[in-house]
Amino acid sequence: MDRNCAVRLIDVRVNYGQVLALDGVDLSVDRGQALGIVGPNGSGKSTLLKVVAGLVAPARGVVEVFGRRPRELPAGTIAYVPQVEAVDWSFPASVYDVVAMGRFPKLKTLARFGAPDREAVDRALSALRLDDLRSRHISQLSGGQQQRTFVARAIAQQPDLLLLDEPTTGVDAGTEESLRVLVRELVGGGMPVIMTTHDLDRAPEWFDRLAVVDKRVLATGDPREVLESGAYAGIREHTHVHGHMRT
Amino acid sequence: MSGILAPFALEFMQRALIVAVIVGALCSTIGTYVVLRKLSFIGDGIAHASFAGIVIAYLRGLDYYVGAGIVAVLTALGIGYVNRRGKVALDTAIGVLFTGAFALGVFLMSRQSHYSVDLEGFLFGNILSVSRGDLLLIAALASIVVFSLVLLYRPLLYTSFDPVVAEASGINVAFVDYALLVLLALTIIISLESVGIVLVAALLVTPAAAAYQLTRRFTRMLVLSGCIGTACSVLGLYLSYYLNAGSGATIVLLVTVVFFVAMAIGRATRYRTE
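Taken in sequence, the protein lines are chains Z and V. The first sequence begins at 1 in this note's numbering and counts up by one. The second sequence begins at 248 in this note's numbering and counts up by one.
If you are wondering where the hints come from, they were derived from the structure by calculation, not from laboratory data. Treat the hints with care, as some may be off.
[Stated by the list, open to error] Residues from chain Z that keep clear of chain V, each with C-beta distances beyond 10 angstroms, as calculated:
#, residue
1, D88
2, P92
3, A120
4, A127
5, R153
[Unchecked claim] DEER-style ranges, computed between Cβ atoms:
#, chain 1, residue 1, chain 2, residue 2, range
6, Z, R71, V, Y400, 19 to 25 angstroms
7, V, A253, Z, G114, 47 to 53 angstroms
8, Z, P74, V, D338, 33 to 39 angstroms
9, Z, E119, V, A253, 55 to 61 angstroms
10, Z, G114, V, L252, 40 to 46 angstroms
11, Z, V181, V, Y400, 31 to 37 angstroms
12, Z, G17, V, T339, 32 to 38 angstroms
13, V, A336, Z, Y16, 16 to 22 angstroms
14, V, R307, Z, A86, 28 to 34 angstroms
15, Z, A75, V, R331, 17 to 23 angstroms
16, Z, R136, V, N419, 27 to 33 angstroms
17, V, S390, Z, N41, 49 to 55 angstroms
Since we're looking at a predicted model, the values are computed, not measured. Cβ coordinates follow ideal geometry from the N, Cα and C atoms, glycine included.
Work the whole structure out from these sequences, hints included.
Dropping the structure here:
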């Protein structure tokens with residue numbers, strides 16, 4: 001057993017009914033490593049994160065996070081920031097309330113929400129530049145602010161593994177850069193991160209390794225080498241052709 | 248002063264007052280989750296389904312609470328199961344289950360040539376008929392529900408807002424969902440005798456909906472809903488005594504008025520801030 005290994009997928013297949021979402025996926029992520037996932041829409045990128053988070057059970061294969069199945073991990077181990085938050089934005093909660101929820105998984109049943117919890121929430125709010133918005137109701141946030149609130153909740157959780165599903169979609173350049181700095185800081189501190197993205201050009205600045213996914217893993221390795229290999233250009237053309245075929 | 252408190256000199260009115268406080272506080276507190284999770288229809292469904300349990304208990308010579316309780320909890324778990332595993336929309340599943348169970352109750356009752364039980368009492372409630380034994384049972388069940396709600400406070404809040412992310416972070420969402428449904432079923436059983444099957448849904452939904460108009464914070468909504476429910480129950484009971492009207496209906500009418508007042512206040516204050 002490689003003790004440095006955080007996430008390992010072996011021959012993973014996922015079906016949604018008749019639809020094949022992922023097939024024969026082998027991937028691994030080490031501690032202190034950021035893995036970027038790129039691929040066209042509908043390529044199974046989000047499904048890949050859900051399998052690692054234990055939200056979707058694979059039809060075949062092995063998914064291990066720190067040597068255990070995701071659902072068997074202690075509460076609070078994994079923090080997941082989904083792509084489009086399908087939550088009710090009229091829910092009675094402020095930015096602070098939502099970020100504080102990040103502390104809930106690790107809190108014992110009747111334990112007080114104490115000073116360490118408040119500190120963790122404050123730090124997460126600062127890291128995402130949300131200090132001024134802490135009392136604001138969540139319905140009064142812009143898309144980028146909503147995204148930052150959910151990333152802050154994940155940070156406040158102080159997880160051992162961070163999963164981010166296209167956190168840069170629909171956010172301004174400043175937010176994107178502060179997210180990137182944050183991710184690099186976390187990775188520098190030993191946290192493994194898996195993140196999906198559409199932004200190929202900046203992938204080398206974000207990630208230590210990059211995987212091109214289209215139901216299968218088409219290429220994986222150093223981001224620059226993967227991009228230069230043309231693995232992604234291949235599927236781009238492929239989807240382009242499909243797009244024409246549909247019309 | 249003694250004039251105002253005169254009705255409560257009677258022992259059955261004292262018992263009714265205690266039950267009004269318990270039922271009002273409990274329904275409106277758990278109702279916060281019912282409203283935020285959009286489960287309004289479930290309360291109605293469980294209450295109607297428990298009617299079958301009442302009739303079966305009557306025919307078998309069992310305690311009504313036991314019969315209604317078993318059916319209510321089974322219905323709640325059934326609804327939860329269909330929602331998680333079934334390919335049927337939740338409101339459809341509830342519609343099927345509760346009309347079926349309610350019809351079973353009516354069917355069994357209609358085959359009896361004579362019956363002495365006060366079934367109308369269970370449909371519309373009679374808080375004045377609560378006996379000493381009923382009161383003890385209500386208090387015991389209410390304690391269980393309150394204690395469970397306290398233990399589950401954080402998981403219930405998190406899973407009400409964002410079940411997907413809560414599950415990814417290791418919270419057992421299925422357990423929390425089922426637990427809430429069972430607690431809801433127990434709350435409905437507690438309330439059946441006083442407000443009845445038809446009106447219990449209103450007490451589950453309206454105080455929380457009124458509180459939702461007045462605040463944008465969860466804890467405040469929970470407390471405010473509990474206060475509105477309790478106050479309306481007590482005041483409604485008091486009014487029903489003087490108006491010589493049904494207690495359940497008076498309580499629900501009162502809480503409905505409070506809802507519209509809260510809506511007006513909510514709109515007025517929101518327009519001011521925007």
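Hint by hint, here is what the structure shows:
1. D88: violated, 7 angstroms
2. P92: About 5 angstroms separates P92/Z from the closest Cβ of chain V, which leaves it inside 10 angstroms; violated.
3. A120: holds, 14 angstroms
4. A127: It holds; A127/Z is separated from chain V by about 18 angstroms at its closest Cβ, greater than 10 angstroms.
5. R153: violated, 8 angstroms
6. R71/Z - Y400/V: 19 to 25 angstroms: holds, 23 angstroms
7. A253/V - G114/Z: 47 to 53 angstroms: holds, 50 angstroms
8. P74/Z - D338/V: 33 to 39 angstroms: The hint (33 to 39 angstroms, Cβ to Cβ) holds, given that P74/Z and D338/V are roughly 36 angstroms apart.
9. E119/Z - A253/V: 55 to 61 angstroms: holds, 56 angstroms
10. G114/Z - L252/V: 40 to 46 angstroms: Hint holds: Cβ distance 44 angstroms, inside 40 to 46 angstroms.
11. V181/Z - Y400/V: 31 to 37 angstroms: Holds: the Cβ-Cβ distance is about 36 angstroms, inside 31 to 37 angstroms.
12. G17/Z - T339/V: 32 to 38 angstroms: violated, 20 angstroms
13. A336/V - Y16/Z: 16 to 22 angstroms: Taking Cβ atoms as reference, A336/V and Y16/Z lie about 18 angstroms apart, which means the hint holds.
14. R307/V - A86/Z: 28 to 34 angstroms: violated, 46 angstroms
15. A75/Z - R331/V: 17 to 23 angstroms: holds, 20 angstroms
16. R136/Z - N419/V: 27 to 33 angstroms: The hinted range 27 to 33 angstroms holds for R136/Z and N419/V, with Cβ atoms some 31 angstroms apart.
17. S390/V - N41/Z: 49 to 55 angstroms: This hint holds: roughly 53 angstroms between Cβ atoms.
Hint check: violations occur at hints 1, 2, 5, 12 and 14; the rest are consistent with the structure.
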